[in-house]
Each structure stands twice: as structure tokens, then as C-alpha cells.
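**Q** Chain by chain, the residues run as shown.
There are 2 protein chains.
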Amino acid sequence: MSRLLLLSSSRAGTTGYLDHAQPLMADFLEANPISIERVLFIPFAGVGKTFDAYLEQVRPAFAAIGLEVDGIHQAPDSKSAVREAQAIAVGGGNTFALVKRLYEADLLGILRERVEAGTPYIGWSAGSNIAGPTLCTTNDMPIVEPPSFVTLGLVPFQLNPHFLSGKPAGHNGESREERLAEYLALNPKALVVALREGTALRREADTLTLVGELDGEAFAKDGQQPLAAGSRLDHLLAPDASE
Amino acid sequence: MSRLLLLSSSRAGTTGYLDHAQPLMADFLEANPISIERVLFIPFAGVGKTFDAYLEQVRPAFAAIGLEVDGIHQAPDSKSAVREAQAIAVGGGNTFALVKRLYEADLLGILRERVEAGTPYIGWSAGSNIAGPTLCTTNDMPIVEPPSFVTLGLVPFQLNPHFLSGKPAGHNGESREERLAEYLALNPKALVVALREGTALRREADTLTLVGELDGEAFAKDGQQPLAAGSRLDHLLAPDASE
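As given, the protein sequences belong to chains A and B, one line each in that order. Per the working numbering, residue 87 is the first one in the first sequence, and the count goes up by one each step. Per the working numbering, residue 87 is the first one in the second sequence, and the count goes up by one each step.
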């Protein structure tokens with residue numbers, strides 16, 4: 087009965103921090119069967135700023151939709167904080183740092199358990215990446231080594247946020263499509279859902295919807311398919327849609 | 087007494103595969119105290135093509151400078167092949183795939199040993215990345231999970247190939263500078279040498295030279311410094327230049 091809102095990014099175009107996300111988050115949290123007043127924020131993807139600073143950065147976005155935010159790093163017991171959270175939000179930054187810190191705090195198991203029991207989960211960027219089975223389709227630099235690439239597996243497919251087609255001119259690095267094709271060459275049974283900035287996936291138990299104004303893309307070994315903006319993607323939740 | 091030629095990329099601008107590298111490789115190998123006729127090629131970074139196909143792709147570039155190429159994947163015993171190699175070349179592709187396959191074949195130790203004993207080493211892209219202490223400053227997607235991020239450590243600093251300043255317009259992903267700043271935030275004693283396409287580092291024992299027509303960049307926690315094209319960088323080999 088998982089409830090997930092997986093945002094591609096904290097910004098869309100030139101709008102402010104989480105601006106585009108506010109109506110999506112408000113609608114998602116207001117639809118919760120149990121009323122939500124506070125959100126537990128996990129700032130572990132943050133690098134180059136303190137967790138306190140990151141908490142202060144996100145608070146106004148949630149305050150604007152009437153919600154208080156608690157930082158997990160300020161909780162006396164982080165597992166209890168997850169267990170008791172009304173809703174959980176995992177922010178963006180570096181996916182490797184996020185995953186390493188989640189393992190160090192031994193939070194993967196309790197997070198998975200609570201979200202599968204119904205605690206609503208909001209992620210953006212790295213926070214969306216880890217909703218898939220592994221971190222293998224992150225765009226981030228591997229700046230630290232986590233004990234494992236295995237992540238939450240709240241959906242059966244991989245996520246690729248900040249999706250951007252093609253590559254910069256005059257450079258011989260890979261395009262995003264080429265990177266994902268490399269992933270699929272070595273993981274031929276996997277499915278990757280790529281989300282353009284400003285879009286999100288919303289899961290309500292067995293339903294999945296692509297939210298936002300831009301199409302997504304689904305990448306599998308046998309090809310790439312556009313996912314229409316606003317469309318229902320429930321079939322991607324079937325256990326055999328990917329491995 | 088290591089001899090290294092660490093190329094940023096297999097291509098520079100719109101030139102053909104390894105075209106710009108040929109004179110650099112020829113000069114490097116001709117300077118070897120023992121005459122070189124054959125190069126052992128390690129194609130393990132290749133993804134989405136067979137190792138045989140990758141071998142055939144690189145052969146013409148070496149043939150043009152009078153050298154035969156043997157693929158390590160065709161050797162009956164890969165460790166013996168490394169032990170007996172006159173010179174070693176490690177091609178680009180995906181750094182995670184390269185490192186995973188090197189660990190699976192248990193080749194890190196013997197490679198490090200032979201290169202430190204004087205066997206000349208040529209790398210490009212992923213093959214240059216692994217000459218540093220870890221893979222943490224690769225640009226590649228983590229498409230497979232290697233048992234460790236520790237790499238050859240043939241130089242005491244990290245490498246960042248395909249260096250490109252800034253970021254594509256209309257996108258909220260990180261620039262390369264921002265990615266490296268994140269790495270340095272969590273690895274504050276490290277030094278990263280970023281190589282623009284078409285350039286290379288050449289190490290001859292205690293000397294290090296930036297080869298090619300473009301400047302490089304050195305990134306440390308306290309800032310960024312240009313490395314002049316053609317300049318000597320011997321000081322970067324000092325053990326205390328980075329950790």
C-alpha cells in the first residue's frame with residue numbers, strides 16, 4: 087500500500103527551490119488517509135552544507151503548504167524517528183553520500199518497512215533514485231563508497247532523474263541515452279524510468295501516474311518508449327515489468 | 087620508476103578514434119628503455135560491444151605506429167599475460183565495469199606491481215581514471231557494483247578525464263566543478279587533476295608532464311588552479327601533494 091511522490095528535481099527551469107513541487111506535495115499529503123502535520127526530512131544527500139542548513143532550506147517550502155519539518159539528524163534516535171514519522175521526505179544531493187549515510191545509520195530496513203506499511207514518502211533527485219532497487223542509474227559522481235548499491239526498492243524499476251536528452255556540443259562524453267544503454271547492456275532485464283525536470287511519479291498502492299507537464303521515457307534492453315505526461319503507468323508496478 | 091601515459095579521451099574534437107593519441111603513444115613507447123613490439127590491451131571497460139570487437143577497434147591505431155596488440159581476454163592466463171607484457175594499454179568505456187572485471191580477474195595487484203617495476207602503461211578515459219587511488223572521480227554511471235572503489239594508485243592524485251567546464255543550459259544538474267567540489271567536501275585532503283579532451287599526463291619515474299595543447303585544472307579543497315599546457319607537474323607526485 088505504498089504511497090510515493092518521486093520528483094525528478096528540486097527545481098524546474100528557473101523557478102525557486104521546490105516551488106514547482108509545492109502543489110504536488112500538498113495534493114499528495116492531503117490525500118493521505120491519516121492527516122499529516124509534520125514531515126521527517128532526511129538531509130543525508132546534502133554535501134558541502136550542514137544538515138541544519140539543508141533543513142532550513144527545505145522548511146519554507148513545506149511551511150508554504152502548512153507543514154512542519156523535523157530533521158532526522160536532530161532526532162535522539164533516528165530509527166524511532168522513522169518509525170513514528172507521519173510522512174518522510176528525502177532530499178537531493180549526492181546519491182552515494184545518501185546511501186552511505188543511510189547504511190551507516192542502518193535505516194534502509196526501517197524506511198522500507200514503514201513506507202510499505204503506508205507512511206507517505208516524498209523524494210527528489212537522489213531521494214527519488216533510492217526508491218528504485220539500486221543506485222545504478224544515478225547521475226551522481228561516486229564521491230564516497232557505500233557498502234552496497236542496493237537501495238529501497240519501493241518500485242520494481244530503476245529511476246533516472248534530471249533526464250536530459252543528447253549531449254553538450256564539442257564533447258566526447260556519453261549522452262544520457264548512451265549511459266542508460268550501457269546500464270541495460272549489463273542489466274538486460276531491468277527497466278529504467280527517466281524523469282525530466284519538473285515531473286514526478288506518484289504511486290498510490292497499485293496505481294502509478296506520471297505527474298507534470300513533460301513526457302517521461304522508459305528504457306529497456308529492447309528500446310526506448312515515451313511515457314505520456316499525465317498517463318497511468320500501473321503496468322510498470324507488475325513484478326515482471328523488470329527485475 | 088613508473089612510466090605512464092594517461093590520456094583524457096580516445097578522441098579529441100572531431101578526429102578519429104585514437105588519432106590524436108598516436109603520436110603521443112609512439113613517442114612514449116619509443117622512449118622505453120626496452121624496445122616494444124607488442125602491447126597487451128585490456129578491454130574490460132567496454133560495454134555493449136564484445137571484447138573481440140573492442141580489440142579490433144584499437145588495433146589499427148597501434149598498427150599505425152608499428153605495434154601489434156594482444157587482447158588480455160584471449161590469453162590463456164591473464165595474470166601471466168600481464169607479467170610478460172612489454173606494455174599495457176587500458177581502454178575507455180565504463181569505469182565501474184572495468185574495475186569490477188579487474189577485481190573478478192584478480193588483476194589489480196599484478197598490474198600495480200608490473201607498472202611500478204617499469205612496464206609502460208597507457209590508459210585513456212576509464213583506463214586513466216583507474217591510475218589514481220580510487221574511481222571516485224569518474225564521470226561514469228555506476229552500472230555495476232565493483233567489490234571496491236580502490237584502483238591502481240599509480241599516481242597519488244585523482245584523475246578526472248573528459249573535463250568540461252560549466253553545464254548545459256536549461257538544466258539543474260551539477261557542473262563538473264560542482265561535482266568535484268562535492269568530492270572534495272567529503273575527501274578534503276585529496277587532489278584531483280582534470281584533463282581536457284586531447285590532453286594527457288606523462289609520467290617518467292619522478293617527472294610528470296601535462297601533454298597536449300590545452301590547460302588542465304587542479305582541484306583541491308582550498309580551490310582550483312590551472313595547469314599550463316606542456317608544463318612540468320613533478321610536485322604533484324610528492325606523497326604529501328594529496329592523500
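Derived from the structure by calculation, the hints contain no laboratory data. Note that the structure is a prediction, hence the values are computed from the model and not measured. One thing to keep in mind: the hints can contain errors.
[Claimed, not checked] Cut-off 25 angstroms, straight-line C-alpha distance, at most; resulting in silico cross-link-like pairs (DSS-like, lysine-lysine):
| hint | chain 1 | residue 1 | chain 2 | residue 2 |
| --- | --- | --- | --- | --- |
| 1 | A | 307 | A | 275 |
| 2 | A | 275 | B | 253 |
| 3 | A | 165 | A | 186 |
| 4 | A | 253 | B | 135 |
**Q** Could you run down the list of hints and mark each one as holding or not?
**A** Hint check results:
Annotation: proposed proximity of residue 307(A) to residue 275(A) holds, straight-line Cα distance about 7 angstroms (limit 25 angstroms). With a C-alpha separation of about 32 angstroms, the suggested pair residue 275(A) and residue 253(B) falls outside the 25 angstroms cut-off, and the hint is violated. Restraint check for residue 165(A) and residue 186(A): satisfied, since their Cα atoms lie roughly 16 angstroms apart, inside the 25 angstroms limit. Our distance criterion of 25 angstroms between C-alpha atoms is met by residue 253(A) and residue 135(B), whose separation comes to about 21 angstroms.
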